[in-house]
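**Student:** Spelled out, the chains give:
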Amino acid sequence: MLVLTGAGAAVLAVTRDPVRLAILSAIYGFVLAVLFTVFQAPDVALSEIAVGAIAYPLVIVVAIAKERE
Amino acid sequence: MSVFPYLVAVFIFLAGLYGVVTSTHLIHLVVSLSVAQSSTYVLLLAIGYRHGATAPIFADVPRGTRAVDPVVQALALTDVVVGVTVSALLLALAIEAQKRKQTMNPNELHTMHG
Amino acid sequence: MRRRQRLLLFGAGALGLGALLVWAAAGLPDFGTQTSAYASLLNHTAVEQRHATNVVAAVVFDYRGFDTMGEELIVLGAVFGVALLLREAREEDVGRPRDDVRGELVGAVGLGAATVALLVGLYVVMHGYITPGGGFQGGVVLASAFALVYMAGGFRSYKRLTPIDAVDAAEGVGAAVFAAIGVIGLALGLAFLANLMPGSLGTAGTLASSGSISILNVGAALEVAAAFVLLFTEFLEELQAERLGLE
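Protein chains in written order, with our numbering: chain A, 1 to 69; chain B, 1 to 114; chain C, 1 to 247.
Pulled out of the complex, with its shape left as it was, chain A reads as follows (with noise of 0.2 Å):
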């Protein structure tokens, strides 16, 4: 699980397509949340999940969408 959540920042920080990028975020999020509980914090997970699954991939579209221009 550990090696799963560093191989998906590794995977982030080298990825440089904005529209990957907000697809894969969302992914990491979701790791990370599996992640957390496994740690056996049931309030962080439902935050990240909260905030990586819908706040999170909105922001970056429209950011992109706007570079569209």
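Please note: incorrect hints may appear among the correct ones.
Partner residues are not named here, just some residues of chain B that face chain A (Cβ under 10 Å, in silico) [to be verified]:
id, residue
1, F4
2, I12
3, V20
4, S23
5, V35
6, L45
7, R50
8, P70
9, T78
10, P106
Have a look at the derived ranges for each label pair, beta carbon to beta carbon [claimed, not checked]:
id, chain 1, residue 1, chain 2, residue 2, range
11, A, V38, C, T45, 24 to 32 Å
12, A, L24, C, A180, 38 to 46 Å
13, C, Q5, B, L93, 24 to 32 Å
14, A, L4, C, R87, 38 to 46 Å
15, C, L7, A, L4, 25 to 33 Å
16, C, F66, B, N107, 39 to 47 Å
17, C, A169, B, P106, 34 to 42 Å
18, C, A26, B, K101, 40 to 48 Å
19, C, A169, B, R100, 26 to 34 Å
20, B, N107, C, D67, 17 to 25 Å
21, C, A113, A, I27, 14 to 22 Å
22, B, N107, C, A169, 38 to 46 Å
23, C, G13, B, N105, 20 to 28 Å
Source of the hints: derived by calculation from the structure; they are not laboratory data. Remember, it's a predicted structure, so these values are computed and weren't measured experimentally. Don't be surprised by glycine CBs; every beta carbon is placed ideally from N, CA and C.
Given the coordinates of chain A, assemble chains B and C onto it according to the supplied hints.
**Tutor:** This is chains B and C only, laid out in the frame that chain A set:
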């Protein structure tokens, strides 16, 4: 190795930093920054963990059960929500940069015109 | 600074930093063994002291309420920043939003999903101090209900449900509730943000328990939900302005 989780947190932090330093796109920069921030969540929660213990919520388990550290969870949970808000602020800055300079490449944004 | 040079500099710095961090990490007690005395104490006494079965929520809103207030202020500041940045630059008013054409099915599914999200959000908030959840998480879920409305119903429906002035006010009220409870505590001669109802905390495990924690919980949820709706609105207005070709 039983300090492995802490090392993973260090790795995630460095990966995020690498992303920030070598970034060619402002959105990628913001995402890398939030990756570096997520390493602190991992570190905090890893510190609070206890083997064989359950979550610190006693709604349906008897009161004396071993539970993990609730203080670090409290810190991490508000942190997650606030982190996203700050990232949104950074993205708004990126949008403004795009509007004014028509570029999202941080390497091209360095000159300040008086 | 050339890219090559920057990479080399970073490499050197990262190696140094990494070495220090690894050394620090190796000095930590083994994973899963050490627990702070504070944590054990909290786990054992918080439920009796505050009648809140979710100890994490008790820590966030009561034992560490001051930190939470600081975080709320960060949220406020960040949302101010976004509003300032994006509202100033949109010189013209977008005017009457154009209605997006969405299919009937999308609208129906979206409405159902939004209602479910609303209910789940309310549940998470209200049960925040009993089961996992609380103001922060529930607030985001509530805000996402509005985002679902946007995705299913188009910008006009979204705008109708979230008048800017009401959302601005809601966010301010949420933060003010937090500060007010703190100040009331001061006025009564107790510590700042002390639990205001120590004598009548209710039975643990039911909704009517844990005193000020429940009020602060709702205040935080209101603030977070309003903050995120504001963020969504600012960003979506940007999209809309672009679509109408006003920039």
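**Student:** When the structure is checked against the list of hints, which entries are broken? Sort them ascending.
**Tutor:** Of the numbered hints given earlier, those the structure breaks are 10, 20, listed in rising order.
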